[in-house]
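Below are the chains, spelled out letter by letter.
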Amino acid sequence: MRDYFIRRFLLIPPTIIGITILVFFIARIMPGGPLEQALMQGQMIQQMGEGRQSARLGEGSNITSRQREQLAALYGYDKPWYAAYADWLGDVAQGDLGKSFRYQIPVWQMIRDCLPVSIYYGLATLFITYGVCIPLGIVKAIRHRTWMDTTSSILVFAGYAIPGYVLGALLLLYFSFDLEWFPKRGFIGEDFEGMTLWSAIADPDVSALRMMGSLLWHSALPLCCYMVGSFAVLTMLMKNSLMDNLAADYMRTAVGKGMEFRKAVVKHALRNSLIPIATGFGNNISLFLTGSFLIEKIFNINGFGLLGFNSVVDYDYPVVMGVLLLSSILLLLGNILSDMLVAAVDPRIRFK
Amino acid sequence: MRLNPLTVKKLKRFRSIRRGYWSLIILGVFFALTLCGELLVNNKALLVSYDGHWHFPIFHSGIYTGEDFGLDYKSEARYRELDDFFERIGSDNFVIMPLVPYGPLEQDFRAGEYPPNPPSFERQHYLGTDSLARDVLARLFYGFRVAMLFSLAFVAISFAIGIATGCAMGYFGGITDLAGQRFMEIWSNIPLLYLVIIMRSLMPAGASTTMRITTLLLIMCAFSWVGMAYLMRTATYREKAREYVDASRVLGAGTFRILFKHILPNTVSIVVTFIPFMAASGITALTALDFLGFGLPPPTPSWGELLEQGTQRMDAPWIVTSTFVVMVTVLTLVAFVGEAIREAYDPRKFSTYQ
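First to last, the sequence lines map onto chains U and C.
Numbered according to numbering that gives the first Met the number 0, the first sequence spans residues 0 to 351.
Numbered according to numbering that gives the first Met the number 0, the second sequence spans residues 0 to 353.
The following block holds chain C by itself, in its conformation from the complex (with noise of 0.2 Å):
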């Protein structure tokens, strides 16, 4: 593929922008990590010697029992026990764990223990458990592969909404522009926790978690297409009065040609530069109706849940603490990538004085 001339150099300005770079790659290391996340973080185990033979569990479909390894249960190997039990009786077999043994949904109660209890090397539990003894490092990790994934498809149905409609009303203008914007001034009023909680006392019981996910990732695109759809209709009408676009029509270009090979490439700057901001937003907006209890369905791990733990268990300074300095990592280095973005399609050479 052959990129533009000009696209190259946008790139190259963009590379050259250290902060930038440096924080979209981290932020793309780290994403990519969550996505093969079940390798690093989870309670089964990576590889399991037994007997000579070599088990994958995570990569096996069905799961092995306690009896597969020499143990007398039915129900799913607890790989860690499994760990301790073969070093123990000191044999040749042995079990390699993932980094954090521990799976986001799992409940780790120790007899004589009040759950959240704090981080404990020894346990393997690097930032502590929180109220339902459940690991918070594995939370945490989990919750922003959930909040990335929900982050992504909001900007990517928020815009294609918003950029159909800002480009329609800029592009037909008159009626369509003045029905548009009175019909936007009008929506955007309507406050989103409002419908985000009559939505979920209509939702069934039975309800499956992916279609409450579902649900949710709509009504907040439906209320967030707003302000790209204003940004578009302001960029369509300055290019609809450039003289190239008078220029395709007198060639006998129609609407939808005019619409998708001249007008848009050449806005795709707005739509760029606004993808990080709105990324950000998607973030904050799914934690905050966590926090609140409106967000994603529990158990699903998220932020916004850990957050809210946090705040009323305020003798565990550990759930408060992880989930704050991860939640900041995260989104200043959305920032600084966005602030990257901008500055490398937008360049602002100063003169300073001496």
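So here's chain U without its partners, still in its complex pose (with noise of 0.2 Å):
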């Protein structure tokens, strides 16, 4: 058991190394590039500056090879992709992930500025969930085929079926421009930003609790469309994984030598049927902070899918490089983790 996780783990770098690989190299050979780029751009400035003289311009732009050749090396554009490759992963592996072309400020960085609305707004969607999810499959097992069944059934696949960033469309346009309940978009109130939790603990002139309140009151509606995913699929296990163990001969042995129902649910039924949820627990690490880009899109939220998806828009390749690492690694690490948890509360699975 304890070589199969060494095993999966020792195959973390060459998956990784093959996906940055992969990626790295899509990104040169193809055209559009930040160097390219550059260039155009470069010729329309000139173009502009000297009027119209320029257009005799046969042969392509005015910019002498030298210039190009510096903007190459600035874009590391000036060696073989292998070799430029390897430098990028001799830097990362000092912890240096580079510059980003676009803001030229470095990459680390511009993750590190969004992980705190990532993380929070993870850690906030995995406890409402679960905390809703669990008790509310619980009661739908038991109540199986009632009416509160059949009707939170019917919520439970709408919620399914409904992508969270629509929803937000939705919300957004009722709540906040109609009703104008909740703020349109952004991450906290304005008084409160760039501000730390600590640092607002620390000053006497703004309230920590007036700061918690404005940041809830702005994430109320982002959470919704967060939750309305995970939701369906969570309650759903939960319920059929209940309704398989109390159907289980042990528990029909509980009851039948009297055992109170109830007591025999929680002690033995619930324990068992929490099995299926921890396999799915580990894949929460990497949506916890990928998120999803298109809910931080619409609610206009810097999180890390955010970022990672306007750098692709961007061609910004070092910030494409970075967050692509970053949550490739988290995916890999949160199957392993996956795996251990099943291991860890079903004592009958072995890995070899």
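Wrong hints could be hidden among the right ones.
[Unchecked claim] Just so you have them, the derived chain C footprint on chain U, three or more residues with Cβ under 8 Å:
hint: 1; region: 20 to 26
hint: 2; region: 153 to 159
hint: 3; region: 166 to 174
hint: 4; region: 305 to 315
These are computed hints drawn from the structure, not numbers from a lab.
The model shown is predicted, which means the values in this text are computed figures rather than measured ones.
From the three backbone atoms N, C-alpha and C, an ideal C-beta is built for every residue, glycine too.
Work from the hints to combine the two standalone chains into their complex.
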């Protein structure tokens, strides 16, 4: 068992290298990269500066070959792609993710800046989802085929069918624009921007409670959207697995020998039915951080997902690579964590 | 054709699950309606009776000009105006328009108004117009057709790849399996959006709409078969270890015969139960890409594009609301069908305590 997990961990680096090398390669061979964009911009600026005179440029641009080389060196395009990849990998090994082409600030700083937002949403979604779904699933299983089960099933299925960002558009429309109950966009009120929780507690002018209030007020709608997707899956998983266990022989024995039904559920069936719930838990670790860039885009939340999306749209390759690296590490770790949890809660399962 | 008695039993069980069965019927009828949608939602008339002759513009291969019906222009006849015109002069001529007399690409600008315009029964814009003065209902209607066709092709192609890969990995095992697993792990981590955007920039400017849609479809399929491949791999492993496979091997069956005659028919339940979920994910993914502006090329009618417009124009609530309602209805119906199929293939009988 231990050997199995050690092997799994050892497989992470080659997989990561495989993913990054592929994306790096595609980024390099595709046209429309940052170098070409910079060249085009330079050309446009020059043309505007010199008026119509430079319209005679048959051979292309007024950029000299020396300037072109400088630009290429700036973006790391002066080397073949494998050498550039080796450079990048070497820097990463030393903890340096490079600088953003577009903003000229370190990639790690950009990622760090959006971590608090992403972690906040990730944790909040996790707690609320598990806090609501597990009890709901239990009630639905015990009250199977009653009106309460049927109506909540329809709601759960509708929730499953709604993509989070589509719900976001509707919520924004009615609750922010029409009724103005909630703020339109952003993570926190303007008064509190740029503050960390600690500095707010230390600062006597700002009450930490007010800040928390502002945070909750801003995040109520996005949280609904984050929840709506995972909600259905988890509730039904809980319900079905508890139903399986309620029908098991050991439950009949327990009830048959005179144990109270409620006690039998809590002591026997419930514990066993949490096993499949544990299986999915590890996958949260990546969801948690990467979130959904669609929801972030709708609500204009500067989280990790939106950072990744914007970098792809802007051809900002160092940021693309940084985000990809972090998210794939998290995904692979999450998969292993899932398996570990399964082995931990269910001693019958043995990995070889 | 005679069906396997087991299949008949499953079909019966599916029919007995009312919610899923009716969802499937509603979806099917809806889809059939959109397939002959030109008869229902169109800016061409169904029938024009002019001077005792009947004309069917929808089925006419060319176009009727205004002059054909006694108007004074040589471009294609504007049937809604023609209808009003006939009524005004009170002749025996008449025009029968489809239920919604607007095409999905047609812009209905009116003097002194700035679209989007709110829903109006009088103008027969039942769900209003979008920012380019196109009828929202017409775009939703044709958007459904596009999304369904796209998603069916999506399911077919990614299943074909997934089943072939998964089966090969599970059946041959060993190095094939190991290499395949590593490849799939890497492949599934590559961001789809990234490739979609790159492909768009690679597209030559003159590329046709069909070519753009096909490319998008292929890219999306290239990244969606992995889940199916994992499932098929496990299923094939399980089936391969069963005795009937050994038996047929002893009888001299070759690899192909075993795979196609024995293993595939026995794993079909996995494939079937997965279809609705895959179809739903195809629709959702396409809508998301359209919403971001990287999906179907404009002016193809699409839900994602409507959603995008709606979020830009919060003063026009009818756009987001109607798109939301249609999309959620369709996806919920698909989910009901999926649940019913799953239950039909894998019935769970529960004992309950009173």
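I'd like to know which numbered hints this structure contradicts. Please list them from smallest to largest. Violated hints: none; all satisfied.
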